[in-house]
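Put together the whole structure using the sequences plus the hints.
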Amino acid sequence: MTDALAVLASRLRLEDGFTLRGLIRLLNRYPDLQRLSGFAPNLAAFPCTDSEEGAAMGLDRLEFSRVVEIIGAPEPPRLEVYHILRGCMGENDDEEIRGWQVENLLDIPLRLGELRHVVFGDNVHSFRFETVCTLFDFIDGVIWQLAFHGAPQECALRR
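Numbering (the working numbering), first residue to last: 1 to 159.
Careful: at least some of the hints might be erroneous.
Across the chosen pairs, the derived CB separations fall in these ranges [claimed, not checked]:
{"#": "1", "residue 1": "Phe148", "residue 2": "Asp93", "range": "39 to 49 angstroms"}
{"#": "2", "residue 1": "Val119", "residue 2": "Asp50", "range": "39 to 49 angstroms"}
{"#": "3", "residue 1": "Arg13", "residue 2": "Val119", "range": "27 to 37 angstroms"}
{"#": "4", "residue 1": "Glu103", "residue 2": "Leu14", "range": "28 to 38 angstroms"}
Hints are computed from structural coordinates only; laboratory data are not their basis.
Note that the structure is predicted; figures quoted are calculated from it, not measured.
Even for Gly, the Cβ is constructed at its ideal location relative to N, Cα and C.
The structure is reproduced here in structure tokens:
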């Protein structure tokens with residue numbers, strides 16, 4: 001394949017063991033994909049080779065999924081659709097990953113999660129569905145989630 005842009009609308013399936021570092025390799029192998037987001041070159045600048053330091057301790061996997069929220073109050077009613085990248089421990093244990101350095105998330109297995117449909121009203125109802133993710137959704141969504149994530153290690157305060 002020479003034109004990665006031609007397959008952006010294709011359904012995405014991730015192999016077992018796929019990691020964020022695999023996405024970095026993809027961005028570097030097909031530089032045109034970096035044009036999808038102004039933040040893509042920042043992610044592509046991370047090392048492509050596996051780290052000797054290993055993955056962040058405490059997380060079993062990362063999960064990328066879409067969320068659809070229907071919000072009835074306050075008026076006017078609205079629909080919000082967005083993507084999330086979250087850490088998971090066990091089957092149902094979510095972990096906020098904003099506090100983790102991106103460098104420490106690169107080698108954690110990454111998988112596609114179910115669509116979460118949340119209806120806010122007098123009661124909150126939450127549903128989960130299998131869904132399809134395109135290559136574009138994945139690249140754009142992951143890059144956006146990591147764009148404002150943590151601080152580079154060089155900026156971390158140390159004692």
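Quiz item: Do the Cβ positions of Val119 and Asp50 conform to the proposed distance bound of 39 to 49 angstroms?
Solution: holds, 42 angstroms
Quiz prompt | Outcome for the supplied range 39 to 49 angstroms, where the beta carbon pair is Phe148 and Asp93 | solution = Roughly 24 angstroms apart at Cβ, these two residues miss the hinted range, so it is violated.
Exercise. Given the range 28 to 38 angstroms, decide if the beta-carbon distance of Glu103 to Leu14 lies inside it.
Key: Since Glu103 and Leu14 have Cβ atoms about 21 angstroms apart, the given range 28 to 38 angstroms is violated.
Self-check item: Verdict for Arg13, Val119 (Cβ pair) under range 27 to 37 angstroms
Solution: holds, 29 angstroms
Of the numbered hints listed earlier, those contradicted by the structure are 1 and 4.
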